[in-house]
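Residue numbers (this note's numbering), protein chains in the order written: chain A, 1 to 204; chain B, 205 to 290.
Honestly, the hints are just simulated from the structure, not real lab data.
Treat the numbers as computed from the prediction; the structure is a model and nothing was measured.
Among the hints, erroneous ones may be present.
As the list claims (entries may be wrong) - Here are the in silico distance ranges between beta carbons for each label pair: (1) B/L219 / A/L60: 19 to 25 Å; (2) A/E84 / B/L267: 38 to 44 Å; (3) B/T206 / A/D142: 42 to 48 Å; (4) A/L60 / B/R259: 19 to 25 Å; (5) A/A41 / B/L223: 47 to 53 Å; (6) B/L241 / A/A173: 19 to 25 Å; (7) B/T206 / A/A41: 19 to 25 Å.
Even glycine gets a Cβ: it sits at the ideal position worked out from N, Cα and C.
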Amino acid sequence: MSAEAQGHATGVEPSGEFGVFVFLVSEGLLFSALILGYLVARLAPGADFAAGSRELSLPLGTLNTAVLLSSSFCIALATIWGSERSRWARLAALATVALGIVFLCIKGYEYFEEAQKGLLPFRDMSDRYPKAEPQHLRLFFDVYLALTGTHALHVISGIGLVGGIALFWRRLARPAHTLKLAALYWHFIDVIWVFLFPLLYLAR
Amino acid sequence: MTIRAALLTYVGLLLLLALTVASTFVPLGAGNSLINLAVAVAKAALIGMVFMHLRRSGLLVSLTVAVLLFWICLMYGLTLNDYFTR
Chain A
1 MSAEAQGHAT
11 GVEPSGEFGV
21 FVFLVSEGLL
31 FSALILGYLV
41 ARLAPGADFA
51 AGSRELSLPL
61 GTLNTAVLLS
71 SSFCIALATI
81 WGSERSRWAR
91 LAALATVALG
101 IVFLCIKGYE
111 YFEEAQKGLL
121 PFRDMSDRYP
131 KAEPQHLRLF
141 FDVYLALTGT
151 HALHVISGIG
161 LVGGIALFWR
171 RLARPAHTLK
181 LAALYWHFID
191 VIWVFLFPLL
201 YLAR
Chain B
205 MTIRAALLTY
215 VGLLLLLALT
225 VASTFVPLGA
235 GNSLINLAVA
245 VAKAALIGMV
255 FMHLRRSGLL
265 VSLTVAVLLF
275 WICLMYGLTL
285 NDYFTR
């Protein structure tokens, strides 16, 4: 099928947008399954997820959410400016990458703090919480690491994608269009965090 | 999407974030989880509708998103009904 004929009479421009959404559906199902694992663990009898959640840093989690929301705003601006062929598009894409790196740094610092407290990774915490049924806290932190770790891997690939487009802007045939498709992925990562943040940090 | 729409969405997202964090300091029991879920859905809808252009997307893309929601309902419905009917 020729590129022009693709998406004919479906309301979709032959743009790759549909392909990106199909990919995002598979990604959505991956995270849905992980979050379902979280819910099943949380609903298990005796599981004390509130105790685990209280061990996380709410200020850092909130800050990180704000950083990721700002990065989504940045890449939204980049797509608007890209469609207007403004030179600001590339700068806004670079700012998005910078905010993504800030997000990872804060997340990394949180992991570091939790490791200092003996909560990560995969530690037996019976010495630290002799009375508080540590296996339930352990369960929370295993799920926490799986969810935030998978999300962080997606942020890293998003940084590579958007950063690559910004760096090779002049060599791309349709940079603004490629950026628009990458922006869909970036917004998707943001949506996932929007659900992870209350599940992990606000279950107090 | 205009810059104005993007800016309003961004401000809305930050306000929703403030609301959901503030609500954790008010003990409401199961109400806290409900507020958090409602705010998360509202934020996701804002990002999807405005930033991801779902408001103006064609039938095929809307259908793709509907398929995702359908599979999620199936996966969560079949798994969680076991927990809630024990």
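Going down the list of hints, with the structure as the test:
1. B/L219 / A/L60: 19 to 25 Å: Hint holds: Cβ distance 20 Å, inside 19 to 25 Å.
2. A/E84 / B/L267: 38 to 44 Å: violated (30 Å)
3. B/T206 / A/D142: 42 to 48 Å: holds (44 Å)
4. A/L60 / B/R259: 19 to 25 Å: violated (33 Å)
5. A/A41 / B/L223: 47 to 53 Å: Because 27 Å falls outside the window, the suggested range is violated.
6. B/L241 / A/A173: 19 to 25 Å: Cβ of B/L241 to Cβ of A/A173: about 43 Å, so the range 19 to 25 Å is violated.
7. B/T206 / A/A41: 19 to 25 Å: violated (43 Å)
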